[in-house]
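Next come the chains, spelled out residue by residue.
Protein chains: 2
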Amino acid sequence: MTKIEIDSGGSPFPKPIALLGSVVKGKPNFFTVAWFNRMSRTPNIWGAAVGKTKHTLHGIKKNKVFSFNFPGADLVVKTDYCGIRSGKDVDKSELFDVFYGKLGKAPMIQECPVTVECTLHKLIDMSTHYLVLGEVKHIYSEERFMTDGVLDQKKLNLLLFTNPARQYWTLGDVVANAYSIGKTL
Amino acid sequence: MTKIEIDSGGSPFPKPIALLGSVVKGKPNFFTVAWFNRMSRTPNIWGAAVGKTKHTLHGIKKNKVFSFNFPGADLVVKTDYCGIRSGKDVDKSELFDVFYGKLGKAPMIQECPVTVECTLHKLIDMSTHYLVLGEVKHIYSEERFMTDGVLDQKKLNLLLFTNPARQYWTLGDVVANAYSIGKTL
Numbered sequence: 047m048t049k050i051e052i053d054s055g056g057s058p059f060p061k062p063i064a065l066l067g068s069v070v071k072g073k074p075n076f077f078t079v080a081w082f083n084r085m086s087r088t089p090n091i092w093g094a095a096v097g098k099t100k101h102t103l104h105g106i107k108k109n110k111v112f113s114f115n116f117p118g119a120d121l122v123v124k125t126d127y128c129g130i131r132s133g134k135d136v137d138k139s140e141l142f143d144v145f146y147g148k149l150g151k152a153p154m155i156q157e158c159p160v161t162v163e164c165t166l167h168k169l170i171d172m173s174t175h176y177l178v179l180g181e182v183k184h185i186y187s188e189e190r191f192m193t194d195g196v197l198d199q200k201k202l203n204l205l206l207f208t209n210p211a212r213q214y215w216t217l218g219d220v221v222a223n224a225y226s227i228g229k230t231l
Numbered sequence: 047m048t049k050i051e052i053d054s055g056g057s058p059f060p061k062p063i064a065l066l067g068s069v070v071k072g073k074p075n076f077f078t079v080a081w082f083n084r085m086s087r088t089p090n091i092w093g094a095a096v097g098k099t100k101h102t103l104h105g106i107k108k109n110k111v112f113s114f115n116f117p118g119a120d121l122v123v124k125t126d127y128c129g130i131r132s133g134k135d136v137d138k139s140e141l142f143d144v145f146y147g148k149l150g151k152a153p154m155i156q157e158c159p160v161t162v163e164c165t166l167h168k169l170i171d172m173s174t175h176y177l178v179l180g181e182v183k184h185i186y187s188e189e190r191f192m193t194d195g196v197l198d199q200k201k202l203n204l205l206l207f208t209n210p211a212r213q214y215w216t217l218g219d220v221v222a223n224a225y226s227i228g229k230t231l
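Those protein sequence lines, which keep their order, are chains A and B. First residue of the first sequence? That's 47 in the working numbering, and the numbers climb one at a time after it. First residue of the second sequence? That's 47 in the working numbering, and the numbers climb one at a time after it.
Bound conformation, chain A alone (with noise of 0.2 Å):
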C-alpha cells in the first residue's frame, strides 16, 4: 500500500498513563503524564516530560522526592481532571485517599492500583519540557490485583492514552509472550 506522510507534529502511539505527585506547598498534588517512560535497567529510573510551568515541578524540585500513580479505567474521570485543571487554580489534595510510604515526602494515591515512590535524578532541559529523571525506590500494590503472586495486568485494567484522537484506552488481548514467540521464527 502506499505511504503517505501526516502530521510531524504528533506521536500517534498509545501512551501509558500516571499521574505525578509531589507535595506543594505541604499539600499533595497531582497532574497527569503520558510522556514517560523507563530509562536504565540499573539503577531502575524512569523519566517524565513534564511542561516546565506545572505545579507538581515545585514540589519535585523542593523535596527531591515525587510519585507515580497508575490509574484504572474506573479513575478516568480525575485522572482526566488532573490533566486539565492546573495545582495553581484548584486544590486537589482532597481528590484522592492520600498516603506516604518510606520516602515520606512522596503523597501516593490509594485508589491507584500501582504507586511508585521515587528519588529525584536528575533534570534534563528539553526545550518546551524538563525531563524529570527519577531513580524508583519503592512500588506499592495489593493481593487483588495479582494471579499467582504476580501484578495481571486484566486486574489491574491500568489506563492508555491515544493520539491523535485524544481517548483514554483499556488493554485488550494478550497476543503472544514476550521473548518467546520470536523463537519459531
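Incorrect hints may have been included.
Identical copies go unnamed one by one, so any copy, or any two together, can satisfy a pair.
What the hints assert, rightly or not - Cross-link-like lysine-lysine pairs, in silico, BS3-like; alpha carbons within 25 Å at most: (1) Lys-200 with Lys-49; (2) Lys-168 with Lys-98; (3) Lys-71 with Lys-200; (4) Lys-49 with Lys-201.
In case anyone wonders, no lab produced these hints; they're calculated from the structure.
For this one, chain A is given, so just place chain B on it according to the hints.
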C-alpha cells in the same frame, strides 16, 4: 485495601512497542524497544533507552538518523524475533520490506502501519543504557488506517508490551475522551 511493597526493580505498566531502525555496515537493522516516549513538544523530540551494546546503536551514531516503526499485532513474531536476536549474530535486512524516506538513511518497514524518521538530537548516558533523543522529521502512514482523515488506533492495532508477565497485547476499548470527561467533575 492493604498496600504491599513489591519488586522495586520492575516497571509494571503497559508500554508501547516499536522497532528502532538504522543502517549498520550498509544493511538495515531493526531491534525492538519498549522504553521510549515523547520528551518535548517543540521540537518534537522522542527518547528511547537503548542498551549500550546494541548493534543498531552503531548505525545511529554513524548516520545521525534512525527510525521508529510501529508494528501491528500481525507482526508479533518478527517483532519478538528482533528483540531476542542481535544484528551482530543474524542478518535482519531481509526480514521486512524496507523503504527509505526523505532522510535517506533511516530504514523503514513497509509492513508497519506507522513509521517515523528522526535525526539524532543527543545521546545521554543512562548507566546501562543510552537515552537516544531523536527529533521527529517525517511520519508516514496509509489511508487505510484512517477514519475521516485521522489515524484510527483500532485500525492500526499496534502492539503493546507489559511487565512483569512479559506479554504483547493490543488495545481494548475506548474508556472516554481526554481533555473532556474531566470537565464533568
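Status of the hints after comparison with the structure:
| no. | hint | in the structure |
| --- | --- | --- |
| 1 | Lys-200 with Lys-49 | between (35 Å within a copy, 19 Å between copies) |
| 2 | Lys-168 with Lys-98 | both (14 Å within a copy, 20 Å between copies) |
| 3 | Lys-71 with Lys-200 | neither (37 Å within a copy, 43 Å between copies) |
| 4 | Lys-49 with Lys-201 | between (38 Å within a copy, 15 Å between copies) |
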